[in-house]
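There are 2 protein chains.
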Amino acid sequence: MTTAVKPRKKQIEQVATNLFKTKGYSATSMRDIAASVGIEAASIYSHINSKEEILHSICFRMANEFLTSINEVLNANDSIIEKFRKTVVAHVDIITGDVAASAVFWNEWRHLSEPALSEFIAMQRQYENTFKSIIEQGVNEGLFEVPSVSFAVMAMLSSLNGIQKWRNYTLPPNELNTAFADIFIKGLLK
Amino acid sequence: MTTAVKPRKKQIEQVATNLFKTKGYSATSMRDIAASVGIEAASIYSHINSKEEILHSICFRMANEFLTSINEVLNANDSIIEKFRKTVVAHVDIITGDVAASAVFWNEWRHLSEPALSEFIAMQRQYENTFKSIIEQGVNEGLFEVPSVSFAVMAMLSSLNGIQKWRNYTLPPNELNTAFADIFIKGLLK
DNA sequence: CCTACCGATCGGTAGG
DNA sequence: CCTACCGATCGGTAGG
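Chain order of the listed sequences is G and A. Per this note's numbering, the very first residue in the first sequence carries number 1; after that it's consecutive. Per this note's numbering, the very first residue in the second sequence carries number 1; after that it's consecutive.
Rather than coming from a laboratory, the hints here were simulated on the basis of the structure. Accuracy of the hints is not assured; some may be wrong.
Same chains, same names: a pair is fine if it fits in one copy or spans any two.
Under the rule of at most 35 Å between Cα atoms (straight-line distance), these lysine-lysine pairs were calculated in the DSBU-like manner [stated by the list, open to error]:
(1) K190 to K165
(2) K6 to K51
(3) K86 to K10
(4) K165 to K51
(5) K23 to K9
(6) K132 to K23
(7) K190 to K132
(8) K86 to K9
(9) K6 to K86
(10) K165 to K186
Build out the structure end to end from the sequences listed, making use of the hints.
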């Protein structure tokens with residue numbers, strides 16, 4: 001029986017992700033990460049170049065996942081309500097699929113330095129704007145009624161992204177995604 | 001014309017709150033705070049005992065505000081929908097009333113050490129449970145329909161608490177509070 | 001409120 | 001992947 005050995009680099013990133021989530025990026029030292037992996041701090045640098053490189057990798061991987069997912073939904077041939085539902089479900093699935101990485105993505109990106117910081121913020125805005133265009137279309141079709149489209153997007157995203165702070169999921173992931181879709185579709189309907 | 005001079009201690013706390021919000025508690029040094037106030041780092045200690053004391057003060061002040069507010073609503077003689085509405089409005093008002101302190105309350109409390117940490121978590125739970133009891137009563141009266149009361153509370157609170165991360169309010173505070181109440185009442189109604 | 005300073009810890013490097 | 005170590009910075013104190 002062979003044991004699947006996780007490549008060190010992946011292991012370091014995973015351990016770091018969990019520590020970044022629990023303690024925060026700044027409060028997590030390279031020695032914390034090394035100790036969790038079971039090696040010396042200096043040895044980490046055989047696999048990665050800096051602490052920020054790990055943060056960069058997590059933040060941009062998640063940002064790409066979110067953007068890829070919303071673009072797929074956008075290109076499908078669905079009603080606007082269905083597009084909205086699919087976007088919410090996909091967003092929740094990405095979060096529950098990797099809660100630790102989502103927490104880092106949402107809470108620790110501010111510790112990126114330029115130019116990565118600006119790039120990351122631009123990706124965030126792009127995602128928000130795509131989501132906004134979906135709600136906007138729902139309003140234009142007379143299906144949704146909102147006091148402000150920006151408000152609706154931000155209220156939604158804050159709610160979904162908050163999952164990573166929950167002490168428990170309250171519902172299993174495959175019910176959580178549709179529960180979110182339902183509550184917000186109802187909330188936005190005219 | 002006399003200029004109202006802010007007592008040093010209050011000034012230090014306010015400056016620290018803003019820095020904790022922007023950079024995070026761990027990444028904010030006493031020297032950062034001192035520089036923003038315009039004094040030397042060592043001079044801070046004439047007014048406060050430790051960095052954590054500032055965090056403690058912010059977190060517990062906000063926790064008490066939230067708990068006081070929800071208990072007032074609970075004791076009023078209103079319909080359950082009205083209680084729900086008032087709770088949401090009050091919650092949003094507290095956040096928009098001090099966004100920086102709310103951000104610290106929501107994002108930095110994990111850096112408290114025991115026994116304050118456990119006390120703080122208990123207060124959070126108490127608030128969530130009170131909110132939960134309001135929704136539960138709405139369900140019992142046949143007004144609300146939710147897949148899980150815990151889910152509804154957490155989805156709500158995540159959404160409201162997310163305000164502190166918004167790049168802009170999307171709506172002025174006196175419309176934001178009722179917009180939140182409306183969207184979630186609609187979302188929870190049977 | 002300042003100067004001067006403490007021990008601890010940080011991210012990271014040299015060299016093997 | 002390790003030992004040994006670097007300069008910088010941390011929260012905080014002594015003493016005025």
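Earlier hints that do not hold, by number: none
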